[in-house]
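Going down the list, the sequences are from chains S, V and H.
Take the first sequence: its position 215, counted from the start at 1, is 215 in full-length UniProt numbering, and no numbers get skipped.
Take the second sequence: its position 152, counted from the start at 1, is 152 in full-length UniProt numbering, and no numbers get skipped.
Take the third sequence: its position 224, counted from the start at 1, is 224 in full-length UniProt numbering, and no numbers get skipped.
Please keep in mind that the hints were generated in silico from the structure rather than gathered at the bench.
Here the structure is a predicted model, which is why all the values come from computation and not from measurement.
One should not assume that every hint holds.
As the list claims (entries may be wrong) - Short derived list, chain H residues pointing at chain S, Cβ under 7 Å: (1) 187; (2) 189; (3) 209.
C-beta atoms are modelled at their ideal positions from N, C-alpha and C, and glycine is treated no differently.
Here is what each chain is made of, one letter per residue.
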Amino acid sequence: MSEVTETGVPGDLARHPRTPESDTPVLEVDDLVVEHRDGGTGTLFRAVDQVSLRIAAGESVAVVGESGSGKTTLAMAATGLGPRGRGDIRLLGHSLSAVSRTQLRRLRPEVQVVFQDPHGSLDPRQSVRSGLRELRALQPERTSWIDDADLLGRVRLAPDLLDRYPHQLSGGQAQRVCIARALLMRPRLIVADEPTSGLDVSVQADVLALLRQIRATTGAALLMISHDLAVVRSLCDVVHVMYRGRVVEAGPCDRVFGTPENDYTRELLAAMPGARWRSRR
Amino acid sequence: MKASTVRRVGGRLASLFASLLIALSLAFLLGRLSGDPTATILGPMAPPEQREALRHQLGLDLPVVVQYLDYLKGVFTGDLGQSLQFYQSNTSMIADRLPYTLQLVGAGMALALLVGVPLGVLAATREGTWWDRGASTLALLGQSVPVFWFGMMLVVLFAVKLGWLPAGQSGSPRHLILPALTMSVYPMAHIARLTRASMSDALAEPYIDSARARGISTRRVVWRHAFTNAMMPILTIVVLQTGILLSGAVAVEYVYSWPGLGQLALQAIQFRDFPLVQAIVVFGALVFVLLNLLVDVLHSIVDPRVR
Amino acid sequence: MSQLELDPVTAPVSPPRRAGRRARTSAFWLALPLAVAAVAVFVLPLTGLLPDGGQNLDATRQPPAFLAGGSWAHPLGTDKLGQDLLTQFVSAGRLTIVIGLVGALVAIGPGTLLGLLAGYFRGWVDRVISILIDAQLALPFILVALAIIANRGSSLPVLFLVLALTGWAVCARVTRAATLAIRERQFVVGLRAAGASEPRIVFRHILPNLAGTIVALGTLQVGTAILVESALSFLGLGVVPPMNSWGSMLASGQDELSQAWWIAFFPGLAITVLVLLVNLLGDALLTHHDPRKRRR
Ligand SMILES: Nc1ncnc2c1ncn2[C@@H]1O[C@H](COP(=O)(O)OP(=O)(O)OP(=O)(O)O)[C@@H](O)[C@H]1O
Ligand SMILES: [Mg+2]
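Chain S with its partners taken away, still in its complex shape (with noise of 0.2 Å):
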């Protein structure tokens, strides 16, 4: 965690209240096909094909990948948010063809997200508080464990920053109070699709260290979509590289990055930034 004391994080992230308690995996997805029609021509698109993937509780996976092979795709149908898919989704257990609607509202806010554009992940016509207000009217026995002046200052932003509308908010503080919308929620998952590639360079590793410092805090697990190794090798414990809707190779960072056994992974290696970064460290 040097990062954190470097940044000065407060300590008291540590008591937040939910830890890991059963051994369900918090994702499971078992030959997920994803189509998507064209609009134009109405012919389909397979952008998933026949993908599994297992997120233990806690656990840390990425999936990489060039751009348009299905990552965005893959992580939205596969947690109920996006396009419906066929194969079998269960999270926490229970199997999303199967759950009834009462039960799917209760069961979403268990997966947050966080997306590469913080301005478009807010409606731009609620100041910050009255977002967070209604999160809380929509949930309120799962928000009512902190206020929401502490929230910020857990995601290192200013109370006054509570009356400010999305735009006039900088990309890294808007990603912020995304983050602090998906912490509010005390997630088992948090998927954050490619969340640092919006901001400045300056503002993605403390962005990044926020992520970390929240998954060693509340345990929750990551699904960490992202183009960049360097964030991926320091944040994930699991790999799954896509290729062409296909997960052509997964398994434990270190073993993919070090021997990766498949052509179009070593390929990806060379290409991808952090790269460079591998070598050095």
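Since chain S is already given, all that's left is putting chains V and H with the ligands on it; use the hints.
Showing chains V and H with the ligands alone in chain S's frame:
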């Protein structure tokens, strides 16, 4: 042709056909809801037996579904029924009036193009100047004025006060001047705005700058590149506006006592001659759908990707 | 009746570049005269300043005050029964403005709702609504409107029905497209993850984000409604005596064109100016809320 193209064209045809069917059904429904036509024809005092006979003769005693299918069959074989008021075939009456409306619409549309396009080009090539503002305001004014009122004021000025031109009726080319001018106002404004918009979009494209940089003259750039870009929207609007005017020139025809379709529709409404109203609606719908189809065909010829 | 139609391609015509910033101030300066006019037609009759509106067969077809033969007793002149035209003009304006506003509301309301539903739920809901939109935009619905009037007779409810039928589709199409775009925004996914219900997302988040566009479309629709109303009333198919709108004043002016052109002149001019201001305002608002220029 690629499979996707077939799909798209097929989808478009299906959508147009659905539109047509909706209009036909609406017209039929309104016809059924308009009360007992035998009362309109025979008067309220007619004996019941006589009415019953007429109902039978008109086919009104058949089940509604049968009536509907008969009606659809009639539409697709060109038989639009009989007028209650004129005791004539609706199809032949529409055919009689159509040439007058066509004349008016044709002349109006030609005028609209002749003035609207240059006005739009003027505004686009001098974007932000007073020329632009003037032309744009004029165009917006053309879309804001009740055109039939504009026609009335033309009558006051040129027929009543100055006595230069006839105030109404058809006959000589002189009779056509004022109605055609009136008719052209709205499409002219529309064409001007559209020309300006698509040309100034095109003029902002990077390839225009690069063409200029390569030393191609500004005039050539404007006409060869930017205007080509504006052609298709203009053509589209001309075709569609023609459809609108063909069926919707009621008020202008009324101002000038022009014996076209619009006047016929008005007469039919005033005399509650519902079969005739229905026939005109159906005719308008057919024309509209055909013109929409024409626009689609034009698009696929000009742009192989179709939009 | 060319102004009666709906453009099948009322794509908001692309606004002049660089205009986003100025739009807000110009919107204010356009709204101001409209507000003044609206207040005037409602307040003037209460002041007692208007001439007596009764018949006076000794003073028929008097020209307006500024023409030879006119007098300030009847600033806009009189009609064929000697009734004061200014008084008529003011009360007719009241009805015209009310019809414009209500006519826009009855078109924008259902249009927005259907567009939202189609854009948000997609699937068969979208397919059905899209077919209806296409049908409305691909057909001379004004003829259908005439048929309805032929059928039901002219009255205010029928007029509003016609205005709703002819106006909803443009709004539905724009709302549908905008909703499709907004639902892809990531904050919608975030809200779903927080357990927000679909109606909540649609009405509490997507609708407010469309508000600006809808207000702009509604403003333009006021102009369309006034023009449609004026044409219908002119033909005796909209507002009919004893009620009076600027459109129905044009109808009575039509018979008098050769003797008393001023009867038709002022209401027509008023409609033109009113609709022009409304259209300018609508364009300014649309520019202001143009998605391409947003992203503040
Ligand atoms: N709504 C959609 N409709 C049609 N095709 C889509 C849709 N969303 C994604 N796709 C297609 O599916 C494929 C996978 O997209 P996805 O967004 O999952 O890729 P990604 O790996 O997240 O890429 P990036 O790294 O650029 O974010 C792409 O080819 C994309 O074009
Ligand atoms: Mg992605």
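Hint by hint, work out which the structure violates, then give me just those numbers in ascending order.
-> As far as the earlier hints go, not one is violated by this structure.
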